[in-house]
Each structure stands twice: as C-alpha cells, then as structure tokens.
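Student: Build the full structure now, drawing on both the sequences and the hints.
Number of protein chains: 2
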Amino acid sequence: MSDARARRSSGDRLLDILGVFTPGRSALTLTEIAGHTGLPLTTAHRLVATLARWGALERGDDGVYHVGLRLWEVASLAPRGVGLREAAMPFLEDLYEATHENVQLAVRDGMDAVYVERIFGRSAVGVHTRVGARWPLHATGVGLVLLAYGPAELQEAYCARPLERFTRFTVTDPGELRRVLAQVRLENCAVSSRQITEDAVSVAAPVRDTKGAVTAAVSLVVPAAGTDPRRLIAAVRFAGLGIGRALGGDAGGGPDDA
Amino acid sequence: MSDARARRSSGDRLLDILGVFTPGRSALTLTEIAGHTGLPLTTAHRLVATLARWGALERGDDGVYHVGLRLWEVASLAPRGVGLREAAMPFLEDLYEATHENVQLAVRDGMDAVYVERIFGRSAVGVHTRVGARWPLHATGVGLVLLAYGPAELQEAYCARPLERFTRFTVTDPGELRRVLAQVRLENCAVSSRQITEDAVSVAAPVRDTKGAVTAAVSLVVPAAGTDPRRLIAAVRFAGLGIGRALGGDAGGGPDDA
Chain A
1 MSDARARRSS GDRLLDILGV FTPGRSALTL TEIAGHTGLP LTTAHRLVAT LARWGALERG
61 DDGVYHVGLR LWEVASLAPR GVGLREAAMP FLEDLYEATH ENVQLAVRDG MDAVYVERIF
121 GRSAVGVHTR VGARWPLHAT GVGLVLLAYG PAELQEAYCA RPLERFTRFT VTDPGELRRV
181 LAQVRLENCA VSSRQITEDA VSVAAPVRDT KGAVTAAVSL VVPAAGTDPR RLIAAVRFAG
241 LGIGRALGGD AGGGPDDA
Chain B
1 MSDARARRSS GDRLLDILGV FTPGRSALTL TEIAGHTGLP LTTAHRLVAT LARWGALERG
61 DDGVYHVGLR LWEVASLAPR GVGLREAAMP FLEDLYEATH ENVQLAVRDG MDAVYVERIF
121 GRSAVGVHTR VGARWPLHAT GVGLVLLAYG PAELQEAYCA RPLERFTRFT VTDPGELRRV
181 LAQVRLENCA VSSRQITEDA VSVAAPVRDT KGAVTAAVSL VVPAAGTDPR RLIAAVRFAG
241 LGIGRALGGD AGGGPDDA
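Here the protein sequences come in this chain order: A and B.
Letter by letter, the first sequence follows residues 1 to 258 in full-length UniProt numbering.
Letter by letter, the second sequence follows residues 1 to 258 in full-length UniProt numbering.
Just so you know, these hints were derived from the structure itself, not from any lab.
Heads up, some of the hints might be wrong.
A pair counts as met if it fits within one copy or between any two copies, since identical chains are not told apart.
[Unchecked claim] Pairs of lysine to aspartate or glutamate, EDC-like flavour, derived with a Cα cap of 20 angstroms:
#, residue 1, residue 2
1, Lys211, Asp61
2, Lys211, Asp228
3, Lys211, Asp62
4, Lys211, Asp173
5, Lys211, Glu97
6, Lys211, Asp94
Tutor: Set out below in structure tokens:
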C-alpha cells in the first residue's frame with residue numbers, strides 16, 4: 001500500500017466505495033467492492049455497512065449492493081442535476097410535444113458534457129445517452145455549445161488534446177474545431193451532423209443564467225436522412241431561452257409550481 | 001458530546017454532513033453545516049473539504065455549499081430512483097400527452113411515499129410535490145397503493161400511528177383506512193379525493209415487478225371540480241402495467257434504447 005493510500009481518511013475511502021458504482025457496474029457484491037477499491041475485505045465490510053445503515057447503498061435479497069434511495073434523495077438537491085431539470089422540464093416537454101424527437105439537456109463538467117435529462121423520441125434515431133452519462137465536448141451538439149461558451153483556457157486545453165473520432169464525420173482537427181466553435185458563437189446554436197453516429201444530427205442551443213453565462217445546453221437529436229436540422233434551430237433556441245428564464249426565477253417550474 | 005456521538009466514525013460524520021442538506025436547506029455555509037451536524041468547525045471543515053474534493057459537494061462563488069454533480073451522477077444509478085424513472089418515462093409521457101394532467105411516480109420508503117418523477121399538467125391543479133419529496137402514505141393515491149400492497153406488519157404499524165389530517169376529507173380513522181386499503185386491493189387502484197388539498201383528486205395504480213410484487217405506484221392528479229376521476233382509472237392502470245413490463249426487461253426504456 002502506498003503512503004498516499006495509507007494516509008487516506010475513512011471519509012475518503014467511503015467515497016471511494018461510492019465511486020466504484022458506474023453505469024456499467026451498478027450492482028456489486030462486497031468482494032467486488034473490495035476488489036475495485038483495493039480495500040481489505042474487513043475495511044470494505046465496515047464502510048459498506050456504514051453506507052447501508054445511512055441509506056447510501058441498499059442490499060438486495062441476493063446480497064448484491066446498489067445505490068440507495070436516500071443518496072438519490074439528497075442528490076436530487078444538486079442544482080446542476082435535478083434542480084436544473086425541474087426548471088427545464090416544462091420546456092423540454094413542450095419541445096418534445098412539438099417535435100416528438102429526442103430532447104436532451106446537458107451541463108459541462110471539466111471536459112465532458114453530462115446529460116441531466118433526456119426525453120426519448122418515438123420514431124427517432126437511436127441516442128446513445130442516458131441520464132448521468134458523459135460524452136466528450138467536441139462531437140455532440142450540446143458539447144459544442146458548452147465548449148464554445150466555456151472559458152478560453154478550456155477551449156485551448158481541449159483543442160490541444162487528441163480529439164476522439166466516433167465516425168468519419170467527427171471533427172478531429174483542432175483548427176477545424178476552433179472554426180466550428182466560432183460558428184457556434186456567431187449563430188448562438190450548434191448543429192452536429194453524423195459526428196457520434198452516422199444516422200443522427202443534433203441541434204443545440206445555450207441556456208444562460210441571469211448574468212448571461214451559459215450554464216447548460218438543450219438539444220434535439222433527429223435522423224440525418226430526410227431532415228433539415230436548420231428548421232429546428234428556432235425551436236431549440238426558444239427552449240433554451242425559456243429554461244434560462246425559469247432558472248432566473250422569472251418563470252416558475254410550471255404553472256402550478258407557485 | 002455523548003459517548004455515542006464520540007464513537008461515530010469519520011465515515012458516519014461525513015454522511016451526517018450530506019444528511020443536513022434537505023429540500024428546505026439546499027445551500028449551506030460551512031458554519032451552518034457545523035451547526036446542523038453538531039460537529040466542531042475544524043472537523044466540519046476537513047470533512048466538507050473531503051466531500052468537495054470528491055465532487056459530492058460544490059462550493060459556489062459566494063462560499064455557500066450545495067450538493068455536487070458527481071453525487072448526482074452516482075445517485076442516478078439508484079435502481080429505485082433514476083433507474084426506475086428511466087424505465088417509466090415513456091409511459092409517463094404517454095399518460096401526460098393523453099391527459100395533460102399532473103403525472104406522478106412514487107416508491108415507498110418506510111412509512112412515506114417518495115416521489116421519483118413528476119410531470120406537470122398545464123391547466124391542472126396545484127400539486128405540492130417535487131422529485132425527491134416525501135408524503136405520508138395514507139392521504140395520497142400513490143401512498144394508498146404502496147400501503148395497500150405493502151407487508152401486513154407495515155399496515156398494522158401504520159394504522160396504529162396517529163394519521164395526519166391535511167383537509168377535512170383526509171381519512172384519519174384507522175378502521176376507515178383499513179377499509180380503504182381493502183378497496184384498493186379489490187379494484188387494483190386507489191382514488192384519493194381532496195385528502196391533501198381540497199381542490200385535487202388523485203388516481204393511482206400499482207407497478208409490479210416480474211414476481212408480482214408492487215415496487216412503485218403511478219398516478220394522475222386532477223381537479224376535484226368537474227372531473228370524474230373514475231374515467232382515468234383505466235389509463236393509469238395501463239401505465240402501471242407498461243412500466244412493470246419495462247422494468248422486467250420485456251420492454252426497453254423506449255423504442256430507441258436497444
């Protein structure tokens with residue numbers, strides 16, 4: 001065990017345990033938790049018991065642990081998670097009802113877009129996101145908006161990294177990405193065509209707080225074939241404006257939320 | 001400080017800090033966190049720093065802490081929170097689009113119903129819930145369903161407690177509540193009229209897992225005046241069946257979720 005590991009407090013190790021739960025690994029036995037954290041089984045046992053007693057983890061009949069309802073209740077207070085989606089939901093519903101396409105809402109965390117809400121379209125293309133999922137910023141509509149309006153240092157750091165390719169249409173050249181970001185700022189929206197999958201186009205617009213800072217992005221994801229994505233820009237921008245107004249307190253979370 | 005308090009581990013105290021964040025208290029200074037937990041300021045400072053480093057708390061420009069995005073990401077793996085609502089969302093949307101009334105989804109935690117999803121109706125009555133909120137079981141439609149299909153010991157314990165009154169229509173007599181619960185089981189749905197507010201009726205139906213156990217409840221909340229709530233029962237039952245099927249893996253989270 002390294003010195004750094006040995007110095008980690010009980011609180012750090014408790015959070016390490018929460019951190020091993022991921023979308024691909026959402027149900028784990030005690031032995032698996034110990035293995036993924038590198039903790040001795042007895043330590044893992046004690047900390048898991050602490051988490052279960054509080055309600056951060058729940059143990060199934062099969063002895064498998066998953067994330068518990070109480071943690072979810074506390075997490076629902078995160079202003080950038082459920083708080084944001086509560087304010088946004090009426091506008092996302094309107095966008096969905098107007099289009100019946102995939103609707104998404106995302107925030108930036110470091111160099112990723114994190115999806116905080118998604119409404120499935122019916123006839124719509126496959127969308128490879130889930131609530132809580134992360135995607136790199138350069139290839140999705142919401143990501144391009146969040147990157148284009150992010151700090152200049154972020155944009156420099158982002159363009160200096162290798163840009164992952166998802167399809168033959170993904171922009172992976174830093175110079176081209178800089179031009180795309182300038183275009184996003186010029187048009188106050190992003191159109192990302194076939195960059196994640198070859199069958200989908202996403203149209204995204206910013207959500208601004210009362211000071212004008214971009215705090216989130218909203219998008220529609222539609223089939224690339226037979227759609228003119230530019231016809232959707234006004235609706236997506238409109239939704240972004242409405243959500244920003246709701247966050248600022250000018251509009252409530254809904255007509256009944258007084 | 002009591003012996004019990006003194007014996008609490010660093011992990012327990014870390015969770016105590018998360019526990020002080022509530023819907024009415026979602027942004028707190030370090031001093032407030034220390035006050036609510038009863039921890040010395042230096043201890044609170046160290047634990048809050050641990051939580052902030054991991055991303056469970058985020059510190060605003062104003063020095064105020066709120067729940068962080070990373071906690072929300074991990075919590076989104078809770079099968080009874082976001083996991084359930086992901087499976088349920090297409091059916092809740094259909095129910096909303098068919099009725100434009102308030103749609104709610106709840107699970108039971110102890111003696112409370114916890115709301116995991118809600119879609120606002122437009123012309124609809126005020127609904128005093130939010131995602132993550134709790135209500136006692138005896139007065140709401142979802143609560144009556146969750147209580148009626150809960151363990152017999154739960155029903156006994158619940159009826160032995162004082163039943164809180166919210167309006168003059170709230171059932172507060174244990175004998176009458178038992179009759180109501182029997183009726184819920186007979187009809188496989190609950191109609192709760194004017195029991196929380198005098199202007200609203202809720203119609204709720206169970207969501208069953210593959211073994212037939214009731215794991216959640218779905219409801220519509222509509223204005224009490226001029227509505228025949230019984231006309232909504234079939235739609236709500238239908239939504240409950242669909243969500244149960246989706247949870248069992250027979251149906252996906254949506255047509256695109258393959």
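Student: Decide, hint by hint, whether the structure agrees.
Tutor: We went through each hint and held it up to the structure:
no. : hint            : result
1   : Lys211 / Asp61  : between (50 angstroms within a copy, 13 angstroms between copies)
2   : Lys211 / Asp228 : neither (33 angstroms within a copy, 47 angstroms between copies)
3   : Lys211 / Asp62  : between (50 angstroms within a copy, 15 angstroms between copies)
4   : Lys211 / Asp173 : neither (33 angstroms within a copy, 53 angstroms between copies)
5   : Lys211 / Glu97  : neither (30 angstroms within a copy, 35 angstroms between copies)
6   : Lys211 / Asp94  : neither (25 angstroms within a copy, 36 angstroms between copies)
The earlier numbered hints that this structure contradicts are 2, 4, 5, 6.
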